[in-house]
Amino acid sequence: MREDLILRDEPRAKELASLVLDYSVNLNEEDRLLLQFDPKFSFYASMFEEEARRIGAKVRYDPLSFDPVYLWGLIDRNDKKKWEEDLERRIELALWCTSRVLIDCDSNPEYAKGIPNSKKRVAEYNELVIGPFKHALYRKGEKYSHIPLNKWNIVGFPYTRKAEEIGMTLDEYSDFVYSATINVDWQKLEEEMKIVKEVFDAGNDVQIIVPGQTDISLSLTGREGYVSGGEHNMPGGEVFYGPVENSINGEIFFQHSYMMDGIGRISKIRLEFVDGKVMSSEANINDEGLRSVLSIDEGAKKIGELGLACNYGIKKVTNEVLFDEKIGGTIHLALGDAHREYDLDNGGGLNESKIHWDLICDLRKLGNGFPGGEIRVDDVLVQKDGKWLI
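Each residue of the sequence shown is one higher than the last, beginning at 1 in our numbering.
Treat the hints as calculated values from the structure; they're not laboratory data. Just so you know, not all the hints are guaranteed correct.
Unchecked claim - The calculated DSBU-like cross-link candidates involving lysine-lysine, where the alpha carbons are at most 35 Å apart (straight line), are:
1) LYS81 with LYS277
2) LYS82 with LYS120
3) LYS81 with LYS120
4) LYS14 with LYS315
5) LYS134 with LYS82
6) LYS194 with LYS80
7) LYS80 with LYS113
8) LYS81 with LYS197
9) LYS315 with LYS194
10) LYS113 with LYS384
11) LYS82 with LYS188
12) LYS194 with LYS14
13) LYS143 with LYS194
14) LYS134 with LYS120
15) LYS80 with LYS315
16) LYS315 with LYS365
17) LYS384 with LYS315
18) LYS140 with LYS316
19) LYS277 with LYS14
20) LYS120 with LYS384
21) LYS188 with LYS268
22) LYS81 with LYS140
23) LYS120 with LYS58
24) LYS14 with LYS120
25) LYS387 with LYS14
26) LYS188 with LYS315
27) LYS188 with LYS113
28) LYS134 with LYS197
29) LYS268 with LYS58
30) LYS277 with LYS387
31) LYS120 with LYS268
32) LYS316 with LYS134
33) LYS194 with LYS268
34) LYS197 with LYS277
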């Protein structure tokens, strides 16, 4: 993909960059801002740099960590010494920054395709490099407990590959992205999500049902939620919890497609849980990839997060988790690491893993395999066919 396949004269892009720096991470002159991005999208990074330097913050670029050519070389050579060097580089950046913005545009999500044993190698790389990097970035574990939490945001911008993938023109996809971000009244949405949080905070047992597809239960006893209104993801729009780790039982079907870096697309995933752990799994497309994800570590077979999506300004599934997990009328479960940087009464959980992989279950009544669904809290119906009843 060529770098020029974005709308360079789009004023809304600069407005989105300003929204992230001013509202989401509240950047100030004392901050050290790390910008991470696929090098194909350096234009978007330059907008952040310009605004950050105007504020007076220090700025560093990191295109290497998301460069598919660089990553292909690491996986292809499978040189553990080079992996160690890559981890050292990443951790230095993580500990340098006080604010980090990841521009979530991906020119080649299947960068490792064609490499022998690529799925196994990528899974190992994620375990040995990406997991420890994220622990440093998000200050997880005793090793980093003395370091103040940094501010961070993952933000989506429009680009041609994604637009074509979902059957849109670049102009149409641009409208989609900006309507989900700069056109949202974030303070109003945050107040609406606080009502959802109050209901689930006061409950214990949650049941999610989609007839013929999903019937799963979990406990939130002793856990409270976190209202995510755009400070960590742009777009935002969810209330998330760390469910009681051994409480998840039943079967759930995730109707859409999901990307895992280096492994590719995995579609229509079915998982069965017994006492909090995946006991059986199946994917209609790339079942081998699903098995490799679940085998990354023991925590990858458990749930770290329940997310309740509340952004009804996002209506179309794009197979881009940053957007899809916020679609009003859906929920998501994250396999792997809980938000352990947060307390249990503020969205946190206890599960540990090298991955955190969000999978969306659609409760909207759309027909054609989407029969609608319901959410119950302590056996009280609180959502029906994707619409809140509270």
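Q. Against the structure shown, which of the earlier numbered hints fail to hold, in ascending order?
A. Violated hints: 6, 8, 10, 11, 15, 19, 20, 23, 24, 27 and 29; rest satisfied.
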